[in-house]
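Visitor: Letter by letter, the chains look like this.
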Amino acid sequence: MIDVLYFAWVRERIGLPKERLATSAATVAELVAELRSREDRYAAAFADLDALRVALDQELSSFDAPLAGVREVAFFPPMTGG
Amino acid sequence: MIDVLYFAWVRERIGLPKERLATSAATVAELVAELRSREDRYAAAFADLDALRVALDQELSSFDAPLAGVREVAFFPPMTGG
Amino acid sequence: MATRVQAAPFDLAAELAGFGQGPKVGAVVTFTGVVRDDSGTLRHMEIEHYPGMTERAIAAIEAEAAARWNLVDSLIVHRYGKLAPGEAIMMVATAAPHRGDAFAAAEYLMDYLKSRAPFWKKEFTAEGAEWVAAKSDDESALTRW
Amino acid sequence: MATRVQAAPFDLAAELAGFGQGPKVGAVVTFTGVVRDDSGTLRHMEIEHYPGMTERAIAAIEAEAAARWNLVDSLIVHRYGKLAPGEAIMMVATAAPHRGDAFAAAEYLMDYLKSRAPFWKKEFTAEGAEWVAAKSDDESALTRW
Numbered sequence: 001m002i003d004v005l006y007f008a009w010v011r012e013r014i015g016l017p018k019e020r021l022a023t024s025a026a027t028v029a030e031l032v033a034e035l036r037s038r039e040d041r042y043a044a045a046f047a048d049l050d051a052l053r054v055a056l057d058q059e060l061s062s063f064d065a066p067l068a069g070v071r072e073v074a075f076f077p078p079m080t081g082g
Numbered sequence: 001m002i003d004v005l006y007f008a009w010v011r012e013r014i015g016l017p018k019e020r021l022a023t024s025a026a027t028v029a030e031l032v033a034e035l036r037s038r039e040d041r042y043a044a045a046f047a048d049l050d051a052l053r054v055a056l057d058q059e060l061s062s063f064d065a066p067l068a069g070v071r072e073v074a075f076f077p078p079m080t081g082g
Numbered sequence: 001m002a003t004r005v006q007a008a009p010f011d012l013a014a015e016l017a018g019f020g021q022g023p024k025v026g027a028v029v030t031f032t033g034v035v036r037d038d039s040g041t042l043r044h045m046e047i048e049h050y051p052g053m054t055e056r057a058i059a060a061i062e063a064e065a066a067a068r069w070n071l072v073d074s075l076i077v078h079r080y081g082k083l084a085p086g087e088a089i090m091m092v093a094t095a096a097p098h099r100g101d102a103f104a105a106a107e108y109l110m111d112y113l114k115s116r117a118p119f120w121k122k123e124f125t126a127e128g129a130e131w132v133a134a135k136s137d138d139e140s141a142l143t144r145w
Numbered sequence: 001m002a003t004r005v006q007a008a009p010f011d012l013a014a015e016l017a018g019f020g021q022g023p024k025v026g027a028v029v030t031f032t033g034v035v036r037d038d039s040g041t042l043r044h045m046e047i048e049h050y051p052g053m054t055e056r057a058i059a060a061i062e063a064e065a066a067a068r069w070n071l072v073d074s075l076i077v078h079r080y081g082k083l084a085p086g087e088a089i090m091m092v093a094t095a096a097p098h099r100g101d102a103f104a105a106a107e108y109l110m111d112y113l114k115s116r117a118p119f120w121k122k123e124f125t126a127e128g129a130e131w132v133a134a135k136s137d138d139e140s141a142l143t144r145w
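Chains as they are written, first to last, in my numbering: chain A, 1 to 82; chain B, 1 to 82; chain C, 1 to 145; chain D, 1 to 145.
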């Protein structure tokens, strides 16, 4: 089981901030492919990966990173703090 | 007549902050030469022109600048504000 | 070194009381980010963040700045939630023996906070609400460090 | 744009109250210069200046910064006379729509104040008094602008 978090417009498009999933995805990209195939709102949120960032266990990562041992995955747009 | 001002260690070496002089010097360099020849304390203050700066009527200038029309000449070391 | 992430407003003066004391401090630089209203139509802004990751990311940025420059102290305060035009969003303060370190560290902290700390801004106007897009300038600002 | 040259202490918080207001301001940068005591032997510092020229020189530096960067406001306060270790010598504040302008203008103002405003510092220790020598670094800092 893995916690998946969504922020900003990713959260809005998917319609929830967090969910717990059972997945056999080996990488972030595989998890994204699974999510896309679930429902249109996921497909819309993940339409353009260039517009997205991913964090694994609260560290910025990349879409080809492995998911082994990861407990928390977060998807969000490029950050706009400061 | 021209007002001549001294600041920081230039003032300390010469022993006064300001004096009024009659001079026929055409340039700052000529004024410096006049002052040097007056007394040892002036010669000491003006020993090394590289260690000095000059302002004419409160604008930074150079030692070869003409004195025509100038009312106030100031000599001081490189500035250390901020 | 200190980091705070909070919804409540902060007071720059209160934050600086006691900051950057000590005989080695010759230079204190502060940056304050303020909610701008260029168009005159902004009602408010909402800042979302990623609790947990936010604090970690900021602490990592601050530690990197402390490793790169000769700093005596640094402070980062960043707000989230609803902010009105003119309100302070965040602040950075650096204290160093010399001004070069204080300025460089403050700019570094800002550049990294902009693009590497998980905050997202949404602007609310009479016409609706819109997420602020990241600027490519902000991303390319990181290449100078 | 404002400039003040004074013997009295200033209060950064009070100076910033009302500074950099308005819908166009997104970034406020401040710099405070503090009397450092590296050796632990400094009793006090005395700052001499050239009344008249000081104000003119600072105003010219400030006007140049306003011409080079997109600033909404700037403020320079510089003290003279006797200062104890830990006391604030001077401050610069800049307010701009964007952080790049606020930072660059503040650094420019500092670099020029260091080497082009007629102030001279003298340090008093138990061993005696000595004029602070200008640093070649400070002069060469001007070449970047």
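Misleading hints may appear alongside valid ones.
Said to hold, decoys possible - For the chain C half of the interface with chain A, some residues (derived, Cβ under 7 Å), not all of them: (1) E48; (2) A129; (3) V132; (4) L142.
Claimed, not checked - Taking lysine to any residue pairs in the SDA-like style, the calculated list, with each CA pair at most 25 Å apart, reads: (5) C/K24 <-> D/G81; (6) C/K122 <-> A/P66; (7) D/K82 <-> B/E12; (8) D/K24 <-> C/K24; (9) D/K135 <-> B/D40; (10) D/K122 <-> C/Q21; (11) C/K135 <-> D/A104; (12) D/K24 <-> C/T41; (13) C/K122 <-> A/V54; (14) B/K18 <-> D/H98; (15) C/K135 <-> A/E39; (16) C/K24 <-> D/L83; (17) C/K24 <-> D/Q21; (18) D/K24 <-> C/G22; (19) C/K122 <-> A/L49; (20) A/K18 <-> C/A7; (21) C/K135 <-> D/R68; (22) D/K24 <-> C/N70; (23) D/K24 <-> D/K135; (24) D/K122 <-> C/G22; (25) D/K122 <-> B/D40; (26) C/K135 <-> A/L21; (27) D/K24 <-> C/P23; (28) C/K82 <-> A/I14; (29) D/K135 <-> B/V54; (30) D/K82 <-> B/D40; (31) D/K135 <-> B/Q58; (32) C/K122 <-> A/L52; (33) D/K135 <-> C/N70; (34) A/K18 <-> C/Q21; (35) C/K24 <-> D/H44; (36) D/K122 <-> B/G15; (37) C/K82 <-> D/G81; (38) D/K122 <-> D/V132; (39) D/K122 <-> B/L16.
Since the hints were made in silico from the structure, they are not lab data.
Note that beta-carbon positions come from the ideal geometry of N, C-alpha and C, so glycine has one too.
Visitor: Taking the hints in turn, state whether each one holds.
Guide: Okay, the hints, checked on the actual structure:
{"no.": "1", "hint": "E48", "in the structure": "holds (6 Å)"}
{"no.": "2", "hint": "A129", "in the structure": "violated (10 Å)"}
{"no.": "3", "hint": "V132", "in the structure": "holds (5 Å)"}
{"no.": "4", "hint": "L142", "in the structure": "violated (12 Å)"}
{"no.": "5", "hint": "C/K24 <-> D/G81", "in the structure": "holds (21 Å)"}
{"no.": "6", "hint": "C/K122 <-> A/P66", "in the structure": "violated (32 Å)"}
{"no.": "7", "hint": "D/K82 <-> B/E12", "in the structure": "holds (17 Å)"}
{"no.": "8", "hint": "D/K24 <-> C/K24", "in the structure": "violated (36 Å)"}
{"no.": "9", "hint": "D/K135 <-> B/D40", "in the structure": "violated (28 Å)"}
{"no.": "10", "hint": "D/K122 <-> C/Q21", "in the structure": "holds (22 Å)"}
{"no.": "11", "hint": "C/K135 <-> D/A104", "in the structure": "holds (19 Å)"}
{"no.": "12", "hint": "D/K24 <-> C/T41", "in the structure": "holds (12 Å)"}
{"no.": "13", "hint": "C/K122 <-> A/V54", "in the structure": "holds (20 Å)"}
{"no.": "14", "hint": "B/K18 <-> D/H98", "in the structure": "violated (46 Å)"}
{"no.": "15", "hint": "C/K135 <-> A/E39", "in the structure": "violated (30 Å)"}
{"no.": "16", "hint": "C/K24 <-> D/L83", "in the structure": "holds (16 Å)"}
{"no.": "17", "hint": "C/K24 <-> D/Q21", "in the structure": "violated (33 Å)"}
{"no.": "18", "hint": "D/K24 <-> C/G22", "in the structure": "violated (36 Å)"}
{"no.": "19", "hint": "C/K122 <-> A/L49", "in the structure": "holds (21 Å)"}
{"no.": "20", "hint": "A/K18 <-> C/A7", "in the structure": "holds (21 Å)"}
{"no.": "21", "hint": "C/K135 <-> D/R68", "in the structure": "holds (23 Å)"}
{"no.": "22", "hint": "D/K24 <-> C/N70", "in the structure": "violated (34 Å)"}
{"no.": "23", "hint": "D/K24 <-> D/K135", "in the structure": "violated (37 Å)"}
{"no.": "24", "hint": "D/K122 <-> C/G22", "in the structure": "holds (20 Å)"}
{"no.": "25", "hint": "D/K122 <-> B/D40", "in the structure": "holds (24 Å)"}
{"no.": "26", "hint": "C/K135 <-> A/L21", "in the structure": "violated (33 Å)"}
{"no.": "27", "hint": "D/K24 <-> C/P23", "in the structure": "violated (38 Å)"}
{"no.": "28", "hint": "C/K82 <-> A/I14", "in the structure": "holds (22 Å)"}
{"no.": "29", "hint": "D/K135 <-> B/V54", "in the structure": "holds (18 Å)"}
{"no.": "30", "hint": "D/K82 <-> B/D40", "in the structure": "violated (30 Å)"}
{"no.": "31", "hint": "D/K135 <-> B/Q58", "in the structure": "holds (23 Å)"}
{"no.": "32", "hint": "C/K122 <-> A/L52", "in the structure": "holds (16 Å)"}
{"no.": "33", "hint": "D/K135 <-> C/N70", "in the structure": "holds (19 Å)"}
{"no.": "34", "hint": "A/K18 <-> C/Q21", "in the structure": "violated (43 Å)"}
{"no.": "35", "hint": "C/K24 <-> D/H44", "in the structure": "holds (15 Å)"}
{"no.": "36", "hint": "D/K122 <-> B/G15", "in the structure": "holds (17 Å)"}
{"no.": "37", "hint": "C/K82 <-> D/G81", "in the structure": "violated (46 Å)"}
{"no.": "38", "hint": "D/K122 <-> D/V132", "in the structure": "holds (6 Å)"}
{"no.": "39", "hint": "D/K122 <-> B/L16", "in the structure": "holds (17 Å)"}
In the structure shown, a violation is registered for the earlier hints numbered 2, 4, 6, 8, 9, 14, 15, 17, 18, 22, 23, 26, 27, 30, 34, 37, in ascending order.
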